[in-house]
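Peer 1: Sequence:
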Amino acid sequence: MAPLVDLFLAVLTTGIVILVAATIVGRQPAKNLQTKPPTSRADDIPVDHADTVNNNTKENIEPDASLRESAVAKKLQTKTLTFRVDDIPVDHDEAALKHNLKGIIEGDASLCEAAATLTHHSFVPKDKNYICATVSIKVPVSADGLSSRLREAGTGYPYTYSCVFDGITPLHVSPSGAHVDIIAVPGLGSHPLGSWKSPTGNKVWLRDFLPKDLHNIRVLLYGYDTTLPESYSKQTIKDLGRTFLEQIIAFRTRDGTSYRPIILIGHSLGGLVIKEALVRACRKSNDEDSKLSRAAYGLVFFGVPHLGLRNEQLRAVVDGQPNKALIDELLADKDSEPCSFLQRLAEQFAENCNGKYRAVSFFERKLSPTVEFRDGQWRKTGTPSLLVTEKSATNTGLVAGADEVNIAFNTDHSGLVKYDSSSQGDYTIVRERLRRLVEEAGPEVSRRFAEHRVFMWASLVAERVLQLIREGESRARIEKEIKRIPPTLEGLYSEIIQGAKDPTSTLRLMEWICFSLRPLTPDELRWAMAVGPDCTESSLDECEASDDFIASDKADTRIKVLACGLAEISIRWTMLPLYTADFPGVVFATLGWLYDLTTNHFT
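The sequence shown begins at 1 in UniProt numbering and counts up one residue at a time.
No lab work stands behind these hints: they were computed from the structure.
Do not take every clue at face value.
As the list claims (entries may be wrong) - In silico SDA-like cross-links for lysine to any residue, where the CA-CA straight-line distance does not exceed 20 Å: (1) 238 / 256; (2) 483 / 502; (3) 102 / 176; (4) 128 / 91; (5) 98 / 178; (6) 501 / 443; (7) 356 / 443; (8) 234 / 374; (9) 380 / 370; (10) 391 / 411; (11) 128 / 256; (12) 98 / 87; (13) 138 / 158; (14) 366 / 284; (15) 138 / 119; (16) 238 / 173; (17) 391 / 420; (18) 284 / 340; (19) 98 / 124; (20) 480 / 468; (21) 128 / 158.
Let's have the full structure, built from the sequences with the hints guiding it.
Peer 2: Structure follows, in structure tokens:
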């Protein structure tokens, strides 16, 4: 009997153990065996802007109950976010913006407690009509959430908000006037502002340090999207360079600073974007490209992979995605050789830009962590590597040794452009190099545009000679006319206007073209010519009915005749002066540009 009892108890005990185990297992959440998609950037993400890339917190964690709870708690943690305020009317001063933003934030129940943490960093004109500001705040919401809440709470104001910082963001302009533009372009997958931010605080050296150390500068930040995971973009480095060139030209043309000298700063991929843009500009497909190629003077490269980036793991991040082509262009092969695109870019840059620009290249001496897929997401915890070698970082394509300076920093790839204070060692070196470039840029760019004026003189004289040939004049008569022509552009300009069939109308036309705040269309010019201080008509109808009014079908012809070859109608239907000239007591302007003889600067 005893053995049966023992057997019964053993079976019963085993059954209870199995039942308890099954109950415990049944209470555990089922593990999701599907591979998680990449959810973080592969390069440099500032802590205060991580949410601009990964908005779906659940995709960034394992589906475990405890981790889900911690994710929710993390999501509610207060963090500092920096956002850009655009479309601020020029009649709003900084005090008005602070007052209005405070009211907007206090009007949102989830943000009202954060109103006291508002910090205003910059308040800079974007053009003649609008101002741009950068502001930071400590909030328990994501970057996208902050932007949407500000839009909803501030419907009564004209402002727009962004934490992404795409396009051009002016960070500073000297109160006494800017003589040089400094334009910074970040690297692969980086936040445009966070890329240049201190690793231990919220200071951005381009905005918070440099303006105090260099005077008469304007600092512009350029942002573009090269997010790697889950990207649907097929853009290439050529596309990025073309867009950057067009945006800079449009921005500077709009505020009349197309002739102002430029210092370009590029980190990693940003340097390749700059090179592609300059190659296109130097080919001079149009006048605006030509202006930018002459205005650019200094290039400051930080870890730019001219011969390719050594980070093979990035191929896995973009595998099967449209942006794979971008990474294929950027990475070096297994033998550390550049791809065919980078080889062509180097050749084109050397062919078109050699001898035109001064370059300073900074390169890293510390290894940087690579990316690996871990815990359901891509992390920068992979095997450390020297992402950009000295050879790759210093092979700019500018052959002349005098035009290049190469400097090593004992930091990793990201740390090349991050500084804690204005007295920090690496920053002081960068500051000094930039100071030299800023001082040299003004006289050199002035010389380039002066040479262009000589070219314009030759072009106008050549046109006059061709006209004499068409009229059948003798060789002796043509030589005599060439010797008689004033030897300076100013003198030739004066003679052409004074010798016009209708000098008064010609001079008036040129004044409208040169002093207008923007290029005028032929239709606008015919009205401008009809309306003036000596106009006797009392209405537009009377002006249109007058004998001197230019008919719409005759506008192009009449304007070309009055311009005497000094202006042309572009394909965009705007009148563009072919050159500028300085008369005693008068400075002629071209699209808002002025050349100040007293300071030897373009403004």
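Peer 1: All hints are to be evaluated individually against the structure, with a verdict given for each.
Peer 2: Structure-based check of each hint:
1. 238 / 256: Cα-Cα ~27 Å, so violated.
2. 483 / 502: At roughly 25 Å apart (the allowed maximum being 20 Å), residue 502 and residue 483 break the hint.
3. 102 / 176: Violated, at about 30 Å.
4. 128 / 91: holds, 11 Å
5. 98 / 178: Distance ~25 Å between residue 98 and residue 178 Cα, so the pair is violated.
6. 501 / 443: Violated, at roughly 39 Å.
7. 356 / 443: holds, 14 Å
8. 234 / 374: violated, 26 Å
9. 380 / 370: holds, 5 Å
10. 391 / 411: holds, 17 Å
11. 128 / 256: With a Cα-Cα distance of about 9 Å, the restraint between residue 128 and residue 256 holds, given a limit of 20 Å.
12. 98 / 87: Roughly 15 Å separates the two Cα atoms, so the pair holds.
13. 138 / 158: Judged against 20 Å, a Cα distance of about 23 Å means the pair is violated.
14. 366 / 284: It is violated: about 40 Å lies between the C-alpha atoms, which goes past 20 Å.
15. 138 / 119: Holds: residue 138 and residue 119 sit about 9 Å apart, inside 20 Å.
16. 238 / 173: violated, 30 Å
17. 391 / 420: Cα-Cα ~28 Å, so violated.
18. 284 / 340: violated, 24 Å
19. 98 / 124: Status holds; Cα separation ~14 Å.
20. 480 / 468: holds, 11 Å
21. 128 / 158: holds, 16 Å
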